[in-house]
Amino acid sequence: MNKCYAFPSLRRGMSGPEVCDLQRRLRRQDLDLLVDGFFGPATELAVKVYQTGQGLVPDGIAGPVTFAQFSETG
17 MNKCYAFPSL RRGMSGPEVC DLQRRLRRQD LDLLVDGFFG PATELAVKVY QTGQGLVPDG
77 IAGPVTFAQF SETG
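Sequential numbering from 17 applies to the sequence shown in the numbering used here.
These aren't lab readings, by the way, just hints derived from the structure by calculation.
Treat the hints with care, since some could be wrong.
Ranges of calculated distance between the beta carbons of each label pair, as one might list FRET restraints [what the hints assert, rightly or not]:
| id | residue 1 | residue 2 | range |
| --- | --- | --- | --- |
| 1 | GLY71 | GLY32 | 27 to 33 Å |
| 2 | GLY71 | SER31 | 25 to 31 Å |
| 3 | CYS36 | PRO80 | 15 to 21 Å |
| 4 | PRO33 | GLY71 | 25 to 31 Å |
| 5 | PRO74 | ARG43 | 23 to 29 Å |
| 6 | LEU61 | GLY32 | 25 to 31 Å |
| 7 | CYS36 | VAL65 | 26 to 32 Å |
| 8 | LEU61 | GLU34 | 24 to 30 Å |
| 9 | THR89 | SER25 | 18 to 24 Å |
| 10 | PRO24 | PRO57 | 16 to 22 Å |
All of these numbers come straight from a predicted model, not from anything done at the bench.
Don't be surprised by glycine CBs; every beta carbon is placed ideally from N, CA and C.
Produce the entire structure from the sequences given, and follow the hints as far as they go.
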């Protein structure tokens with residue numbers, strides 16, 4: 017049986033384990049970020065920096081396109 021994983025859309029003000037996962041992914045990209053599970057201004061900035069570096073629209077929202085890019089960059 018195939019399982020599909022729906023990538024969440026994470027944005028400023030959200031919190032929880034999905035945000036921790038996002039923050040860990042950003043740290044693996046050498047972005048200096050505290051993994052605290054809260055999507056605050058620092059996480060939003062890190063997402064924008066990552067998106068810009070990957071040629072994505074830097075909207076600060078970690079959605080399906082941003083998560084798909086993580087799959088390609090590790």
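Outcome of the hint check:
1. GLY71 with GLY32: 27 to 33 Å: For GLY32 against GLY71, whose Cβ atoms are near 28 Å apart, the range 27 to 33 Å holds.
2. GLY71 with SER31: 25 to 31 Å: Because 29 Å falls inside the window, the suggested range holds.
3. CYS36 with PRO80: 15 to 21 Å: Because 19 Å falls inside the window, the suggested range holds.
4. PRO33 with GLY71: 25 to 31 Å: 28 Å, holds
5. PRO74 with ARG43: 23 to 29 Å: 19 Å, violated
6. LEU61 with GLY32: 25 to 31 Å: 20 Å, violated
7. CYS36 with VAL65: 26 to 32 Å: 19 Å, violated
8. LEU61 with GLU34: 24 to 30 Å: Between LEU61 and GLU34, where Cβ atoms are some 18 Å apart, the hint is violated.
9. THR89 with SER25: 18 to 24 Å: 19 Å, holds
10. PRO24 with PRO57: 16 to 22 Å: 20 Å, holds
Checked against the numbered hints given earlier, this structure breaks hints 5, 6, 7, 8; the rest are met.
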